[in-house]
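Asks: If you're matching them up, the sequences are chains A and B in order. If you use UniProt numbering, the first sequence corresponds to residues 1 to 127, in order. If you use UniProt numbering, the second sequence corresponds to residues 1 to 946, in order.
No lab work stands behind these hints: they were computed from the structure. Being a predicted model, the structure only gives us computed values, none of them experimental. Built from N, CA and C at the ideal position, the CB exists for glycine as well. Warning: the hint list may mix true and false statements.
[Said to hold, decoys possible] Here are some, though not all, of the chain B residues that point toward chain A, as calculated from beta-carbon distances under 7 Å:
#	residue
1	T555
2	T559
3	A617
4	V657
5	F697
6	F711
7	S712
8	E716
9	A720
10	N721
11	T749
12	L756
13	G864
[As the list claims (entries may be wrong)] With the Cβ distance kept under 7 Å, some of the chain B side facing chain A (calculated, not the full set):
#	residue
14	V732
15	V795
16	V799
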Amino acid sequence: MELLLSSAIGMLTAAGVYLILRRRSFAVVLGMTMLSYAINLFLFSTGRLVVNAPPVLRDGAASYTDPLPQALVLTAIVISFGMTAVVVMMALGAFLEGGDDRVDMPRADRLPADSLSADRMSGDGDA
Amino acid sequence: MSPALIAALPFIGALLPGLLIRSGRDVAAISCATATFIALLGLCLHIPAVMAGEVVTARFEWLPSLGLNANFRIDGLGLLFGILILGIGLLIIAYARHYLSRQDPAGVFYTYLMLFQGAMLGIVLSDNILLLLVFWELTSLSSFLLIGYWKHLPEGRQGARMALTVTGMGGLAMIAGMLILGNIAGSFDITDILQAREAIQASPYYLPALLLILLGAFTKSAQFPFHFWLPHAMAAPTPVSAYLHSATMVKAGLFLMARLWPVLSGTPEWFYIVATTGLATMVLAAWIAIFRDDLKSLLAFSTVSHLGLITMLLGFGTEAAAVAAVFHIVNHATFKAALFMTAGIIDHEAGTRSIARLGGLRRLMPITFVIGTLAALSMAGIPPLNGFLSKELMLEQATHAAWQGHPGLVAATATLGALFSVCYSLRFVWQVFLGPERQDYPHRPHDPGFGLWSAPALLAVLVVLIGLFPDSMAGWLVAASASAVTGTAQHPHLALWHGVTPALMLSAVALAGGVALLALNRRLLALRAAMAWPEAKAIFDAITRAVTCAAGFLTDRLTNGSMARAFAAFSLTVVLCGLWAFSTGGWQGATRPMLPIQPVPLVGWVLLMVATCCMVAFHRRRILALVLVGIIGLMVSVSFIYLSAPDLALTQISVEVVTVVLLLLALNFLPKFTVIESPDRKRGLDAFIATLTGLGFGALAYVIMRSDFAFSPISEYMLANSYKLGGGDNVVNVILVDFRGYDTFGEITVLGIAALTIFALTETLLAGATGRRLRNWVHDSRRAGDRHPLMLVVVTRLVLPIALVVGLYIFLRGHNMPGGGFVAGLVVSVALVSQYMASGFAWAQERQKINYHALIGAGVIAAGLTGIGAWFAGLPFLTSTYGYVKLPGLEEFELASAMGFDLGVFLCVVGAVMLALNSLSRIARTAGETVNLHPMDIDPSKEARR
Numbered sequence: 001m002e003l004l005l006s007s008a009i010g011m012l013t014a015a016g017v018y019l020i021l022r023r024r025s026f027a028v029v030l031g032m033t034m035l036s037y038a039i040n041l042f043l044f045s046t047g048r049l050v051v052n053a054p055p056v057l058r059d060g061a062a063s064y065t066d067p068l069p070q071a072l073v074l075t076a077i078v079i080s081f082g083m084t085a086v087v088v089m090m091a092l093g094a095f096l097e098g099g100d101d102r103v104d105m106p107r108a109d110r111l112p113a114d115s116l117s118a119d120r121m122s123g124d125g126d127a
Numbered sequence: 001m002s003p004a005l006i007a008a009l010p011f012i013g014a015l016l017p018g019l020l021i022r023s024g025r026d027v028a029a030i031s032c033a034t035a036t037f038i039a040l041l042g043l044c045l046h047i048p049a050v051m052a053g054e055v056v057t058a059r060f061e062w063l064p065s066l067g068l069n070a071n072f073r074i075d076g077l078g079l080l081f082g083i084l085i086l087g088i089g090l091l092i093i094a095y096a097r098h099y100l101s102r103q104d105p106a107g108v109f110y111t112y113l114m115l116f117q118g119a120m121l122g123i124v125l126s127d128n129i130l131l132l133l134v135f136w137e138l139t140s141l142s143s144f145l146l147i148g149y150w151k152h153l154p155e156g157r158q159g160a161r162m163a164l165t166v167t168g169m170g171g172l173a174m175i176a177g178m179l180i181l182g183n184i185a186g187s188f189d190i191t192d193i194l195q196a197r198e199a200i201q202a203s204p205y206y207l208p209a210l211l212l213i214l215l216g217a218f219t220k221s222a223q224f225p226f227h228f229w230l231p232h233a234m235a236a237p238t239p240v241s242a243y244l245h246s247a248t249m250v251k252a253g254l255f256l257m258a259r260l261w262p263v264l265s266g267t268p269e270w271f272y273i274v275a276t277t278g279l280a281t282m283v284l285a286a287w288i289a290i291f292r293d294d295l296k297s298l299l300a301f302s303t304v305s306h307l308g309l310i311t312m313l314l315g316f317g318t319e320a321a322a323v324a325a326v327f328h329i330v331n332h333a334t335f336k337a338a339l340f341m342t343a344g345i346i347d348h349e350a351g352t353r354s355i356a357r358l359g360g361l362r363r364l365m366p367i368t369f370v371i372g373t374l375a376a377l378s379m380a381g382i383p384p385l386n387g388f389l390s391k392e393l394m395l396e397q398a399t400h401a402a403w404q405g406h407p408g409l410v411a412a413t414a415t416l417g418a419l420f421s422v423c424y425s426l427r428f429v430w431q432v433f434l435g436p437e438r439q440d441y442p443h444r445p446h447d448p449g450f451g452l453w454s455a456p457a458l459l460a461v462l463v464v465l466i467g468l469f470p471d472s473m474a475g476w477l478v479a480a481s482a483s484a485v486t487g488t489a490q491h492p493h494l495a496l497w498h499g500v501t502p503a504l505m506l507s508a509v510a511l512a513g514g515v516a517l518l519a520l521n522r523r524l525l526a527l528r529a530a531m532a533w534p535e536a537k538a539i540f541d542a543i544t545r546a547v548t549c550a551a552g553f554l555t556d557r558l559t560n561g562s563m564a565r566a567f568a569a570f571s572l573t574v575v576l577c578g579l580w581a582f583s584t585g586g587w588q589g590a591t592r593p594m595l596p597i598q599p600v601p602l603v604g605w606v607l608l609m610v611a612t613c614c615m616v617a618f619h620r621r622r623i624l625a626l627v628l629v630g631i632i633g634l635m636v637s638v639s640f641i642y643l644s645a646p647d648l649a650l651t652q653i654s655v656e657v658v659t660v661v662l663l664l665l666a667l668n669f670l671p672k673f674t675v676i677e678s679p680d681r682k683r684g685l686d687a688f689i690a691t692l693t694g695l696g697f698g699a700l701a702y703v704i705m706r707s708d709f710a711f712s713p714i715s716e717y718m719l720a721n722s723y724k725l726g727g728g729d730n731v732v733n734v735i736l737v738d739f740r741g742y743d744t745f746g747e748i749t750v751l752g753i754a755a756l757t758i759f760a761l762t763e764t765l766l767a768g769a770t771g772r773r774l775r776n777w778v779h780d781s782r783r784a785g786d787r788h789p790l791m792l793v794v795v796t797r798l799v800l801p802i803a804l805v806v807g808l809y810i811f812l813r814g815h816n817m818p819g820g821g822f823v824a825g826l827v828v829s830v831a832l833v834s835q836y837m838a839s840g841f842a843w844a845q846e847r848q849k850i851n852y853h854a855l856i857g858a859g860v861i862a863a864g865l866t867g868i869g870a871w872f873a874g875l876p877f878l879t880s881t882y883g884y885v886k887l888p889g890l891e892e893f894e895l896a897s898a899m900g901f902d903l904g905v906f907l908c909v910v911g912a913v914m915l916a917l918n919s920l921s922r923i924a925r926t927a928g929e930t931v932n933l934h935p936m937d938i939d940p941s942k943e944a945r946r
């Protein structure tokens with residue numbers, strides 16, 4: 001069972017990372033969703049896996065699941081929704097304002113690597 | 001007066017100039033002087049006790065778990081430095097009042113000065129090394145402000161930055177050293193550390209601790225090779241130079257060496273590092289000082305030289321040398337502060353500090369001449385002034401020291417230093433005051449007013465008095481502080497005449513040599529000009545530039561505006577760190593048995609894997625990708641159920657619904673397909689990075705799941721106390737609303753902020769150019785013929801009351817069964833969203849008047865008020881209570897105060913989810929979505945009526 005869950009976590013992570021490395025915002029949003037699944041499952045698994053244990057206190061129960069990771073993951077799920085919503089809104093806003101849905105800074109705006117001359121390095125230009 | 005109050009007074013004084021800003025600079029100066037004077041008075045009241053050998057302490061617990069306590073102590077050493085700091089501080093305040101010109105903001109200056117004074121006083125009165133470190137860093141910061149006080153001067157800014165860089169780096173090293181020291185001694189209180197000499201010197205960490213602490217002390221006290229910042233700090237106004245860079249701050253390093261002298265000194269490491277550095281600094285800086293043209297620069301190098309002298313004395317490690325060191329600290333503070341103030345007066349009145357443009361000031365500035373000459377002769381070590389006394393003591397100690405078995409080496413080098421010192425001191429007098437009068441001074445020089453010369457005059461009087469009557473003037477203070485430094489009672493006999501000793505002979509040699517050297521001055525200058533000397537500032541600048549370049553290079557390569565690049569670098573770093581940690585972590589192998597794999601979970605696993613692969617393969621077809629996301633989310637929820645986490649499953653599945661709706665709404669305005677842009681090679685590389693990360697993360701999860709807990713998990717406490725303390729059987733819910741309620745409180749607040757951010761973004765978009773573009777929007781996909789189908793409308797209407805009741809049920813049972821505020825909020829949101837989907841946003845919006853902003857606010861307030869309620873019962877924030885209630889007609893049921901908190905969670909979740917979806921819908925409406933008047937497009941009942 002552990003093997004199944006950890007391979008699923010690995011697969012979801014790989015999918016998430018690959019999609020985040022894409023250039024368009026929607027793929028990045030999907031990737032972040034994937035990564036959230038992976039991380040939530042991972043956090044949950046730190047409580048170790050228990051099958052068929054009662055999730056609430058019950059008389060005569062021999063063992064319980066670890067409730068703490070569950071509580072953490074529960075809030076994490078809700079927060080990741082909030083994060084996805086904000087990112088989606090930003091992606092939408094960027095697309096509507098800028099006309100395309102690339103996540104990278106346009107090449108023209110990037111700092112050319114060879115302009116790192118000494119004047120930028122010596123602080124506020126006192127020299 | 002309590003030592004803590006004495007240490008606090010300068011900080012209180014620092015507030016006064018700001019508060020009295022409109023009353024003029026006299027009031028600012030007087031208020032600061034008053035605070036300083038009260039502190040000095042309070043300190044002096046402790047003199048009898050300290051002389052009797054007591055240590056006056058004040059203790060306050062600050063962070064006892066870290067060993068950081070606000071403990072203060074006044075012993076002889078603290079008293080000596082305290083008197084120096086406050087006494088000279090008082091003189092500087094008076095001097096600065098007349099020194100600063102009209103254009104200089106005096107209030108700012110006095111505030112900085114008092115901050116510095118407080119920090120410095122804190123260092124010398126601390127009885128805890130961590131507290132001392134706090135004050136230590138404060139002196140670096142306040143001296144940065146003071147050196148850069150004339151912000152318009154580039155030299156001031158550069159000097160300030162250099163001083164901060166050098167002393168700040170030393171400070172960092174010292175923090176590490178102090179932590180090691182405290183760990184060896186088992187306490188961070190100086191009182192305890194001073195008792196732990198054997199343990200510290202026997203520890204294998206003695207040398208690292210010593211090196212790190214000395215790095216801090218040497219940078220602060222400008223010891224070679226860190227001496228270069230001090231001359232550049234001379235760009236500061238002269239009162240600052242006189243105060244910080246001669247009398248107090250540069251002596252902080254000496255103070256620290258003296259403070260830790262009982263535990264650190266006496267070893268060969270101490271002798272060779274400290275004494276050698278001191279000796280080298282003394283000679284080298286004195287040699288440089290001979291050739292300086294700028295008066296303040298000359299004095300700065302001479303200060304470095306004298307600091308080296310004191311460092312060397314402390315480095316000898318003998319009690320007599322410690323006495324000499326303490327005595328020279330007093331003497332140096334008096335004559336050097338007087339000299340700096342003299343230099344300031346000359347600069348002020350003659351308009352230049354360049355020795356080449358001065359000379360012949362004797363008749364023009366007679367008062368200044370007397371003061372300056374007395375102080376300079378004391379610096380040269382001419383009897384009967386106080387500088388002579390301590391220089392004699394120093395030379396005597398030098399004759400006793402043997403370096404690597406060469407007894408004469410130290411004495412000869414020290415005499416050479418003294419010789420240089422005579423040379424530059426006499427040069428100061430000769431080339432500034434003596435010689436012919438000139439006609440080309442920038443200003444016509446004359447003696448300043450009483451306000452400016454009174455402070456140095458007082459110091460000059462002290463110079464003479466200590467020289468003539470050393471025992472009665474300074475003997476008691478030197479005895480008290482030397483006793484505190486060495487830890488044993490010292491009764492030094494200070495006298496002008498010791499008979500013809502080797503030290504006197506060496507003094508005579510130094511004097512004669514110095515005069516001879518001065519006579520050769522012009523030839524020496526030519527010689528020195530012919531030789532190439534490495535310029536410390538150039539080296540410093542080159543190093544800083546190289547380091548900044550390297551940092552800039554790395555930063556710009558990693559974050560060049562491409563998100564993928566930064567993320568790839570991040571992923572790879574994490575994987576590499578994880579690999580390194582795993583390979584050095586010593587994993588013993590699996591200790592937990594693997595749960596058997598059953599067929600149904602296996603099917604779920606296959607579904608999940610296939611869906612994920614398809615999702616990556618088809619992510620360019622965005623709507624299809626969304627469907628696949630739904631499947632993956634469903635499988636994740638199912639796995640939560642299987643693994644005994646129903647709360648998570650409920651949350652995951654309801655979040656899944658709102659997320660997919662949200663993404664669909666967004667997709668309405670985004671391209672429906674992603675084009676292939678990256679070349680194959682790039683995609684292959686990305687796939688490789690992704691696979692690597694996935695493998696690493698999966699392996700980590702596997703290893704964790706197959707290992708037993710390293711520590712017993714804290715959830716055992718929660719399981720045991722969930723019912724007893726929180727009154728709930730559902731431990732997950734009790735953790736959320738009770739044990740870790742503060743977390744949850746923060747989380748719902750963040751959720752609310754996220755929703756408000758989305759709302760604000762929408763507002764901005766709709767108000768700007770995007771709003772106009774949206775109003776002319778042409779949809780790229782065909783519109784559905786029946787946008788609000790009959791089936792959907794009817795079903796959602798039926799489902800709504802049921803869903804609301806289910807939400808209420810889940811909310812109420814949450815404390816004891818799976819459920820709770822989060823899940824209930826999501827379920828209700830889904831029910832509401834389905835109404836929007838069925839009949840359109842505007843139609844549904846008209847039929848409900850709830851303001852989602854208010855809902856979020858009400859949720860946060862409800863949760864907060866529940867938490868505050870605990871205060872009225874005298875309990876900490878968010879402590880919950882519960883009880884059982886019997887209402888007529890109902891079974892007995894439980895009421896927990898946590899329910900109020902859960903209600904807050906519920907309201908916040910509903911408000912946040914709805915506001916987010918609402919905002920996206922508003923964009924759709926702006927883009928020409930027609931608002932329907934009827935709940936559905938095709939209404940059979942209307943058709944029937946017709």
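Asks: Determine for every hint whether it applies to the structure shown.
Replies: Status of the hints after comparison with the structure:
1. T555: 10 Å, violated
2. T559: Violated. Min distance 9 Å.
3. A617: 10 Å, violated
4. V657: 10 Å, violated
5. F697: Hint holds; B/F697 Cβ to chain A Cβ min 4 Å, cut 7 Å.
6. F711: 12 Å, violated
7. S712: 11 Å, violated
8. E716: 9 Å, violated
9. A720: 10 Å, violated
10. N721: 11 Å, violated
11. T749: With a closest approach of 11 Å, the B/T749 hint is violated.
12. L756: 10 Å, violated
13. G864: 17 Å, violated
14. V732: Where the cut-off is 7 Å and the nearest Cβ of chain A is about 5 Å from B/V732, the hint holds.
15. V795: For B/V795, the interface hint is violated, since the closest Cβ of chain A sits about 25 Å away, which is over 7 Å.
16. V799: 22 Å, violated
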